[in-house]
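The primary structure of each chain is shown beneath.
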Amino acid sequence: MNSSLLAWIILIPFISSFVLGALYLYSISIKKINDTIFTFLAILAPITSFLIGVAFFLSLKNGATDYMYEPYTWLGVNGYIISMGFLGDKLSIFMVLFVTFIGSTIHVYAAGYMKGDEGYGKFFSYFNLFMASMLLLVLANSPIIMFIGWEGVGLCSYLLIGFYFTEPLNVVAGNKAFIVNRVGDLGFIIGLVIMFFYVGKLGFDYYALEDYISLVPTSILTIIGIALFVGAMGKSAQIPLYVWLPDAMAGPTPVSALIHAATMVTAGVYMVARFHFLYDLIPHVGEFMAYIGAFSALFAAIIAMRQTDIKKILAYSTISQLGYMFIAVGLGAYSTGLFHVFTHAFFKALLFMGAGAVIIAVGHEQNIFKMGGLRKKLPLVYSVMLIATLAISGIPPFSGFFSKDEILLKAYRHHEYLIYGIGLFTAALTAYYMFRLFFVTFHGKNYKQKEMHYLSWSMKAPLLVLAFGATVAGFVGLPEVFSQTNLIDEWLKAYSGGALHVEHTTEIMFMGISVVVGLAGIVVAYVKYFKYDFNKEIQESGIVYNKFYIDEVYHFIFVRGIQKLSRFISVDVDDGVIDKAVMSLCGGFINMGRRIGRMQCANTRVYAFFMLLGISSFSLYLILKLG
Amino acid sequence: MIEASFISYISLAILLFSIGIMGLISRKNIFIIYMSIELMLNAINIIFVTLSKYFGSMDGQIIAMMVMAIAASEAAIFLSLIVAMYRLKHSVNIDDFNTLKQKDTL
Amino acid sequence: MDIGLLSFIIFLPLIVSFILLVLPVGMKITRNIAFVTTIIVFLLSLSIFFKFQLTDYMQFREFHPWISSYGIYYSLGVDGFSMIILMLITTLIPLGYLFLWKTKKSKGYWASMLLIQTGVTGALLSLDLVLFYFFWESMLLPVFMIIGIYGTGNRIFSTLKITIYTIMGSLFMLVSILYLGVAFYNEFGVWSFQLSDLVQITTLSNFERTLLFFGFMIAFAIKIPLFPFHTWLMQTYSNSPTGGVFILSAIMAKLGIYGIVRFVLPLFPHQYVEFAPYFVGLGVFGLIYFGIAALMQQNIKRMFAYSSASHLAFITAGIFSLNAYGMTGAAFLIVAHAMATGGLFLLTGTIEYDLGIRSISGLGGIAKKAPFLTVAFALMLLCIVGLPGTNGFVSELLIIFGLFEYNHYVGVISALTVLVAASFMFWLFQRAILVKTDNDVSKMKDLDIKEIVGIFGLAAVIIAMGLYPHWFLYKIEPTIQHYLVDILKVGIGS
Amino acid sequence: MIDTIFLILSLFALAGAIGMITLSNTMHSALSFLVTVFAIAGLYALLNASFLFMVQIIIYAGAIIALLLFIVMFLNIKEDKLKEPNRYNIMLVVAIILAPVDYLLFQAFLKMPHIGDFSTTLDNFGDVKMLGNELFKGWLVPFEAISVLLLVALIGSIVLARKKERE
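Protein chains in written order, with our numbering: chain A, 1 to 627; chain B, 1 to 106; chain C, 1 to 494; chain D, 1 to 167.
What the hints contain is simulated information worked out from the structure, not anything from laboratory work.
Hints are not guaranteed to be accurate.
According to the in silico footprint, chain D covers these stretches of chain B (three or more CB under 8 Å from chain D) [stated by the list, open to error]:
hint, stretch
1, 14-23
2, 32-46
3, 50-62
4, 71-82
5, 85-96
Beta carbons: idealized from backbone N, C-alpha and C, even for Gly.
Modelling step: build the complete structure from the supplied sequences, incorporating the hints.
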């Protein structure tokens with residue numbers, strides 16, 4: 001295989017995005033273009049990328065070495081060179097596969113979801129730009145190139161959250177997402193810079209970094225590790241930078257599915273796995289990361305329990321699931337984390353797409369307490385949502401069970417009992433709030449009858465594909481007790497963090513505990529919400545519903561604080577002190593000028609008199625001087 | 001006793017020149033100002049002629065003559081200017097001719 | 001053709017401008033001919049770019065006696081650093097014309113624009129300090145006229161303010177130049193104001209050099225502007241017509257930076273190194289200070305003024321970082337920022353032209369009316385924000401590298417730049433362009449084809465420079481290394 | 001003899017000059033200036049400048065002052081239009097200020113190098129013929145320039161004094 005095809009994986013969606021954008025501008029300002037052209041161009045790109053990805057996958061599977069393609073020198077200063085390069089190793093091709101696969105399905109779904117929308121072409125332009133950025137992030141061979149993709153996905157996230165930009169709330173949400181992500185990027189850049197300073201001059205691609213990273217003292221590595229993790233926190237919405245993700249649900253649902261659930265938010269996890277050689281050297285940072293992940297998981301799950309907006313619930317569950325992934329990668333079990341990324345992508349995308357279908361069907365209503373009883377109306381959506389909900393709740397044999405269980409097991413085996421406990425508890429909460437959503441949406445009694453909107457096949461077909469995926473995705477990482485070969489561990493051997501052999505009985509015991517806990521959550525939800533009475537108006541309130549007022553606190557401290565500071569600087573300091581000082585200096589001169597100006601009375605005789613005075617005094621001086 | 005020496009002529013010229021300046025500055029009548037200027041020219045001419053004799057060279061006289069020629073042309077211009085200005089403002093007071101003065105100072 | 005190419009570039013606009021002023025032609029013909037002139041100049045500078053050799057020497061030298069009794073020569077030359085800025089100027093000015101095309105200004109406006117071009121390119125290319133001073137001052141005059149005649153608001157006062165500010169700074173520089181000339185005469189017995197001669201002066205004491213250093217620095221700091229010499233900027237920007245503010249922000253401010261690198265660094269390397277910490281501190285402080293101040297501005301141009309000040313402070317920090325990363329990054333950010341901020345000012349000018357509004361609260365919902373404008377605005381804004389894929393990112397990254405190398409803490413603080421610009425820029429974008437408000441923007445027209453070609457051409461360059469910066473950077477590498485030699489000498493000496 | 005004539009002429013000149021600047025009637029002061037002009041002409045004669053003596057009388061007394069008087073009469077200025085308060089005070093101040101200047105000039109001329117003998121001169125020094133020779137040998141170009149100047153003044157005065165049509 002020619003390694004230059006790696007570049008095409010990225011270029012195809014990029015070109016597609018550019019063409020779509022240009023056509024869209026043409027379409028809205030000059031002559032309308034039929035949507036089918038947009039659809040065709042848009043869907044072609046991720047599928048082509050996917051096929052190229054498959055080709056690389058097969059080639060790597062047959063024992064090919066990692067592909068490396070460096071088309072040109074990106075930057076060369078002071079003799080140190082950073083190349084624009086792409087790396088196709090097992091990790092990146094794994095990511096490419098699932099990103100393009102999920103991306104393709106969601107493209108198809110979006111073609112139905114966005115049908116007739118004014119910004120149809122724009123949507124797909126952004127979507128393909130996102131694909132290109134995400135693939136660049138994944139395929140980059142050096143942290144800097146990765147950062148280009150990293151920011152690119154952030155930009156697309158911004159653009160897509162604020163897709164309906166005439167609404168202030170959407171744009172505010174987009175801004176929030178971008179700025180909070182930028183806080184993370186600040187960390188990322190600092191990490192990059194420090195890394196470049198210490199080892200980057202020996203070469204700044206992953207191979208070189210892996211070779212030389214051990215030259216760096218551990219204290220510096222700790223700083224780098226934490227700084228990069230701050231970047232991951234931003235992108236993957238972990239405490240304390242998670243606040244943007246729930247608001248990001250303002251975007252169209254396919255966006256939430258693709259960007260804010262399946263792919264972009266997992267970039268942080270991917271990044272940590274990418275830098276496994278760094279984090280392997282600093283397990284204490286990893287532990288910190290795991291704790292952040294655990295607390296994020298718990299915290300988000302608690303908030304999700306009381307939310308009423310279907311997408312917000314899913315958003316918090318995303319944060320929670322991302323927390324699990326960070327537990328895994330924090331503890332060095334990168335492949336386990338990526339396994340969860342993989343399964344999560346399926347069931348969370350499915351959940352969002354199902355939710356999107358529901359939202360479309362009931363006419364753009366997102367409050368689950370205004371739905372209810374949709375089981376009969378939307379049988380297909382009902383069944384796929386059930387699969388996805390079971391998967392996220394960790395019920396075997398659906399995919400979520402295997403990955404989540406492996407994470408918990410890893411946590412236990414690393415003697416992180418607190419994390420294990422939190423994880424387990426969160427699993428119960430997850431099952432509870434997901435089934436709360438599920439029951440309220442699809443079951444209940446005394447719900448109002450609603451007029452249903454038609455769902456096109458382009459929306460339903462991807463649901464089926466992903467439902468299949470959500471069911472079977474777990475089997476690529478079967479635990480040892482069921483199968484000798486854990487495919488995903490095998491594939492990502494370098495990232496598995498060392499095999500942890502567990503007694504089969506222990507393993508089965510842990511699985512049992514997980515299942516029991518998950519079922520317990522489901523039972524509670526069943527009792528409370530299966531026959532939920534829609535007639536009794538309950539208004540959710542309280543500190544949990546209000547997300548612990550974190551948004552308000554942030555707003556008060558950061559937004560208000562900086563605005564006050566800004567006003568202070570520009571009004572009080574700049575105008576009040578500096579300009580005033582300058583102007584009063586000027587004023588002094590002007591006053592002096594006025595006084596002197598009075599002598600300029602515009603009377604020639606007076607001028608002559610002054611001239612005479614000058615001559616006279618000069619003469620006097622000469623007389624006195626010369627005697 | 002004052003004798004007609006070099007320095008006497010010079011002193012006379014200096015005095016006449018000073019009187020010209022005094023007239024120039026103190027008076028407002030444009031004719032008097034004009035005559036003061038002419039007086040100053042004459043004072044300078046005296047100095048030229050004196051120096052001409054002093055150095056035994058004709059140059060001073062020639063310059064004096066040219067000054068007179070210039071004074072003559074000046075007279076023509078100046079007097080026609082006065083006529084034009086008088087026509088404009090009906091005044092010979094130079095303080096009335098202040099069109100160039102900036103009215104609003106800074 | 002080589003002989004006189006630079007002179008041709010400098011004086012063609014001047015000559016055309018005089019001819020146009022003398023001939024009884026109308027505004028339209030003046031404008032069209034002026035535009036063609038700038039295009040010719042652009043093509044000439046393009047030929048310089050391609051003929052440019054990869055060395056650190058001054059190229060395309062021109063050397064003629066001017067006031068020979070005082071050793072003042074008409075001496076021109078271009079090296080990597082000035083070449084990149086020359087390209088920038090000659091590219092941006094025709095672009096600006098495309099946007100100013102429809103503003104029905106009089107003939108004098110276009111003639112002044114040509115005069116400005118002569119001033120800035122002359123200052124950029126002259127290697128004789130007196131000649132430099134001559135051009136440095138002469139470029140102020142047309143700006144003075146453009147703001148004073150075609151500006152808005154309290155324009156006369158703004159004009160006075162900028163003029164007095166900059167001339168005051170320049171006077172310090174003039175005194176320093178003369179002092180250097182006299183020192184050279186005392187030491188070598190001949191008069192010369194050539195940069196290459198003046199660097200050989202050895203007789204000056206450290207104290208004198210420090211004073212002279214600050215004499216130059218004040219002039220440049222006012223032009224840039226650095227904290228606390230910045231207050232002229234905000235008022236001038238908000239009262240200038242679009243063309244004036246475009247020139248001021250995109251080009252003239254950059255010449256302040258250029259002056260530091262071209263003259264201060266080789267003339268006073270010791271002082272440069274000695275005072276670098278203060279200027280780096282000032283730069284990083286200015287970055288954050290102006291960035292925060294920009295947040296709450298109500299007037300778009302005023303906000304961009306603060307934004308420019310913020311970036312220019314950052315560039316200053318970059319050139320004082322004393323290493324190749326910072327200086328290369330600064331050179332690149334000069335270009336990136338000039339392009340982006342120039343584009344933004346032109347786009348804002350279009351909005352102002354259509355709607356007559358320049359306060360943020362009076363705008364909103366433009367995106368629906370003018371999609372091309374919105375896309376262009378977004379691209380420029382992303383470059384200002386320093387998004388990867390634009391040249392803004394490359395330069396900011398390099399400067400952060402440089403500052404980190406200079407001092408770890410400063411480097412970490414300077415990384416805040418990724419946050420500062422983003423916050424106010426995106427907020428502005430939200431309020432002024434995207435979100436629909438009650439304001440009436442029905443008069444807003446989208447860009448016409450000329451403007452689209454211009455601005456998207458610029459955007460293409462911005463992105464190309466972001467994706468393949470090396471192709472643009474390798475030509476200035478030898479020059480930067482040459483500057484570093486001066487600094488390294490100091491390092492060895494002390 | 002010469003000393004006496006000089007004394008008398010200079011007294012006349014000074015008196016005329018002072019009269020010119022002090023008299024309030026323009027007519028009177030012009031006549032007073034005429035006295036000065038004649039006195040200066042006499043001084044020229046004393047200084048062996050016979051040609052200048054004539055020119056002074058013809059041009060100054062005959063042309064300039066006469067023209068001046070003519071215009072003054074022509075314009076017929078009302079005396080009360082020209083209130084000039086405290087002009088004597090100003091003159092006094094100016095005189096005081098001028099004192100050092102005069103003193104300096106006086107000193108300067110006193111210290112001039114003594115080249116020629118002032119009392120004894122050539123016989124024909126200052127003759128019209130000598131002046132003419134000198135003028136047309138060494139000073140031809142300035143002389144011609146003066147003639148052009150006179151022409152310009154002629155045209156200029158006509159242009160200036162011409163009555164313009166109201167626009």
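Verification of the supplied hints:
Interface restraint, the stretch 14-23 of chain B with chain D: holds (9 residues with C-beta to C-beta distance below 8 Å; minimum three). Judged by the Cβ-Cβ criterion of 8 Å, the stretch 32-46 of chain B is covered by chain D as claimed, because 9 of its residues qualify and three suffice. For a cut-off of 8 Å, the count of residues in the stretch 50-62 of chain B with a CB near a CB of chain D stands at 10, and the three-residue condition holds. With a cut-off of 8 Å between beta carbons, the stretch 71-82 of chain B has 11 residues touching chain D; three or more are needed, and the interface restraint holds.
A stretch counts as covered by a chain when three or more of its residues have a beta carbon under 8 Å from one of that chain; for the stretch 85-96 of chain B and chain D the count is 5, and the coverage holds.
Of the numbered hints stated above, none is contradicted by the structure.
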